[in-house]
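Novice: Here the structure of chain W is known, so what remains is to put chain V in place on it, guided by the hints.
Protein chains: 2
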Amino acid sequence: MVNKENAAPQDTPACVETKYFRLPDQVSFSLESGAKLKGLTIAYEAYGKLSPAKDNAVLICHALSGDAHVAGYHPGDKKPGWWDDMVGPGKAFDTDRYFVICSNVIGGCKGSSGPNSVNPGTGKPYALSFPIVSIHDMASAQKVLVEHFGIKRLLAVCGGSMGGMQALEWAVSYPEMVASCVAIGTSYKHSAQQIAFDEVGRQAIMADPAWNGGDYYDKEHPSAGLAVARMIGHITYMSNESMEKKFGRALKKQELGYEFSTEFEVEGYLRYRGDNFVKRFDANSYLYITKAMDYFDLQKEGKLMSAFKGVSSRFLVIAFSSDWLYPPSQSKEIVKALKMNGIDVTYCEISSEYGHDAFLLEFREETKLIKHFLDNTFKRMVRK
Amino acid sequence: MVNKENAAPQDTPACVETKYFRLPDQVSFSLESGAKLKGLTIAYEAYGKLSPAKDNAVLICHALSGDAHVAGYHPGDKKPGWWDDMVGPGKAFDTDRYFVICSNVIGGCKGSSGPNSVNPGTGKPYALSFPIVSIHDMASAQKVLVEHFGIKRLLAVCGGSMGGMQALEWAVSYPEMVASCVAIGTSYKHSAQQIAFDEVGRQAIMADPAWNGGDYYDKEHPSAGLAVARMIGHITYMSNESMEKKFGRALKKQELGYEFSTEFEVEGYLRYRGDNFVKRFDANSYLYITKAMDYFDLQKEGKLMSAFKGVSSRFLVIAFSSDWLYPPSQSKEIVKALKMNGIDVTYCEISSEYGHDAFLLEFREETKLIKHFLDNTFKRMVRK
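Line by line, the protein sequences give chains W and V.
Using the working numbering, you'd call the opening residue of the first sequence number 1 and step up by one each time.
Using the working numbering, you'd call the opening residue of the second sequence number 1001 and step up by one each time.
The shape of chain W in the complex, shown without the other chains (with noise of 0.2 Å):
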């Protein structure tokens, strides 16, 4: 007998099952710092069925807190992967007729290595021993497993927020591999109000005295430090406008009780989602992988123009009308320098309150566009 409860919906990947690419011990991954990493490790998960000639396939990179489970569930789950809305039988990234992989960013600490995994040298995690990764890094691991499917061009490569950025990446590094690029709610380079608000949670993060430079592994998690710097990236991620609809002044009680435990329902929700990542997260990749974003920098010379000669992708880009974080003014900076090197490239704002998180609630709307967008790439791609 089924168990409904667990049975996974039909219209999502049936089963699915993260799996660990690895490169042998002795070969060496080189990072863009120059430093050499061993044993590189890529965890992912990949859905539908790559075509004999291998062209249909799309990677899709996931933001900050992300994972390579972009869909469906895993045995036992309850809730499905982080972008089930969009990847999946018939919807926006169609698994009956696309092959989708997304696998864990290098640096982070779902499987793939970062500074959780066990250095091969030592025996132990690296910790802050694990070196510096950037943008160009996450792309250029997720480079190694697309070649190891033998897969020599993309279909199309896409993500929201730090997925953008890596999207993005992947068109400028590795033109002749990427036939379209989807960049959703995201930036060409970190301003300085996006690299202060990355300082402040790592500073959070350090400033926990169970942090201990990076070695709690064996002992106490930074938790109360991870928490604060999740916090503060979730008032980034809504609108003013969505958390005032959402809480306003609201209390979690009958009245005000003249005390610091959790009054308004705005305190409750920050405090819930800051307990809920430290379950989930290790607080050295959220270090890693901030400082990853705010290297991030596409321009050369200080000109984007500049960046995008040689670019052979169509572009989608996506923006969010109240998002703060990644406002469109970025978005439109991207689409004019693609412009200016004649690049065929969509640009659409969609209306939403969401703030930031709207990459991931508007399915909706980003299922109509990128559906579209796919198919024409697709039909363009097979007919030269």
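These are computed hints drawn from the structure, not numbers from a lab.
C-beta atoms are modelled at their ideal positions from N, C-alpha and C, and glycine is treated no differently.
Possibly wrong hints are sitting among the right ones.
Unchecked claim - Computed cross-link-like contacts, BS3-like style, restricted to lysine-lysine with a CA-CA straight-line distance of at most 27 Å:
hint, chain 1, residue 1, chain 2, residue 2
1, V, 1246, V, 1219
2, W, 303, W, 339
3, W, 124, W, 152
4, W, 252, V, 1079
5, V, 1252, W, 36
6, V, 1079, V, 1246
7, V, 1219, W, 219
8, V, 1245, W, 332
9, V, 1303, W, 245
10, W, 336, V, 1246
11, W, 54, W, 19
Said to hold, decoys possible - Which residues of chain V face chain W? A partial, calculated answer using Cβ under 7 Å:
hint, residue
12, 1196
13, 1204
14, 1231
15, 1267
16, 1268
17, 1270
Stated by the list, open to error - Chain W stretches covered by chain V per the calculated footprint, using a threshold of three residues with CB under 8 Å from any CB of chain V:
hint, stretch
18, 181 to 192
19, 198 to 208
20, 235 to 247
21, 283 to 296
Specialist: Below, chain V without anything else, positioned relative to chain W:
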């Protein structure tokens, strides 16, 4: 011989001194929560001369991190008070004409009763046994001081940010005592987003083990937590635009070091501001004062218009175009509610790129507006 470096410039109040007004220990000061405080102490500074008719007094209210020392130099000081550009002979708050008072808020840490003051009942610092205070309590304590001077009606109550909340509170709670109100870069209530930023700051402090439930006055202080709280604050005080102009992606060193040390200028700035703040501010006061702001809501049964019934002051409401912490939209709601009550109000949105910090920086524009407004108020008041 006069030491020129330390001599006060001629346009600042020549000799300033923080004074202390203290109610006898047997007198109870009642708070909004119902709690009572014994031995209420108010630290204040006063500049200029109170006229025989006592009709030239102006009360200036400070913001979160301010104090009674609004202008001039204390002996040995190299920097003047926090709004010295605005207070002094011939300035906006012309001390040749007006008797200017500024007092430290209760709950603060600069001489007025607060968590770091000694509980006369125990002989030890209150710490978290200090009662929660509200913006109304701050105004109510200032009223004790104003009455001590024998002043029946203030020519004006003025303030920016949290100081503006106190000014509005005065006009609403003690209408007969306030001839005019100058509310700058402020709000009539804290929104969910404003509460959220405060709450994360409080969580950062409470997450610091040195905070120790607020009991740290004879031990190490929770400096790391307070620094993080202040860093979060600073991001909200600057505009995206001013941060980008001031720092952009400028580095503190020649090139990226691929490490977690301070690399970007903006990181260095935030760390510097955080570290400096902990030298001069008490972490518990940060909790109490942000809580007072979060509690602030002038609305009566959800209506701002009702709050201003019976108010008789003239108003000058000033907002700044790039202030996203206390955006012009909130000021405009105040103006609308005043107008609907037939109250005399002037609204001015100053075009500035400095964000919320503008209330401390745009003193030239503010001077023009406030000087004129006070002069008019004085003429009307005397004519009455």
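Novice: The structure should be examined with respect to each hint, and the outcome stated for every one.
Specialist: Status of the hints after comparison with the structure:
1. Restraint check: the Cα-Cα separation between residue 1246/V and residue 1219/V comes to about 38 Å, which exceeds 27 Å; the hinted pair is violated.
2. Restraint check for residue 303/W and residue 339/W: the C-alpha separation of about 14 Å stays at or below 27 Å, so the hint holds.
3. Of the pairs offered as hints, the one joining residue 124/W and residue 152/W is violated, with about 36 Å between alpha carbons and a cut-off of 27 Å exceeded.
4. A C-alpha spacing of about 44 Å is found between residue 252/W and residue 1079/V, which places the hinted pair above 27 Å, so the restraint is violated.
5. A distance of roughly 26 Å separates the Cα atoms of residue 1252/V and residue 36/W; the hinted pair therefore holds under the 27 Å criterion.
6. Taken as a hint, the residue 1079/V and residue 1246/V pair is honoured in the structure, with Cα atoms around 23 Å apart against an allowance of 27 Å.
7. In summary, the hint linking residue 1219/V to residue 219/W is supported, as the alpha carbons are separated by about 26 Å, within the 27 Å threshold.
8. Among the hinted pairs, residue 1245/V with residue 332/W is consistent with the structure: their alpha-carbon atoms are about 19 Å apart, no more than 27 Å.
9. The suggested pairing of residue 1303/V with residue 245/W holds, with an alpha-carbon distance near 17 Å, which does not exceed 27 Å.
10. For the given pair, residue 336/W sits about 25 Å from residue 1246/V by alpha-carbon distance, which is consistent with the 27 Å threshold.
11. Between residue 54/W and residue 19/W the CA atoms are separated by roughly 20 Å; this keeps the pair inside 27 Å, and the hint holds.
12. A least Cβ separation of about 5 Å between residue 1196/V and chain W falls short of the 7 Å threshold, and the interface hint therefore holds.
13. Among the interface hints, the one on residue 1204/V holds; its C-beta lies about 5 Å from the nearest C-beta in chain W, closer than the 7 Å criterion.
14. Interface hint status for residue 1231/V: upheld, as the beta-carbon distance to the closest one in chain W is roughly 5 Å, under 7 Å.
15. The criterion of a C-beta within 7 Å of any C-beta in chain W is met by residue 1267/V, whose closest approach is roughly 5 Å, and the hint holds.
16. A least Cβ separation of about 9 Å between residue 1268/V and chain W goes past the 7 Å threshold, and the interface hint is therefore violated.
17. Taking 7 Å as the C-beta cut-off, the interface hint given for residue 1270/V holds, the closest approach to chain W being about 6 Å.
18. Coverage of the stretch 181 to 192 of chain W by chain V holds [criterion: at least 3 residues with CB-CB distance below 8 Å; count 4].
19. Residues of the stretch 198 to 208 of chain W lying with their CB closer than 8 Å to a CB of chain V number 8, which satisfies the three-residue condition for coverage.
20. Remark: the stretch 235 to 247 of chain W is confirmed as covered by chain V, as 7 of its residues place a Cβ nearer than 8 Å to a Cβ of that chain, reaching the required three.
21. With 4 residues having a Cβ less than 8 Å from any Cβ of chain V, the stretch 283 to 296 of chain W passes the three-residue criterion, so the hint holds.
Going down the numbered hints, you'll see the structure goes against 1, 3, 4 and 16, while the others check out.
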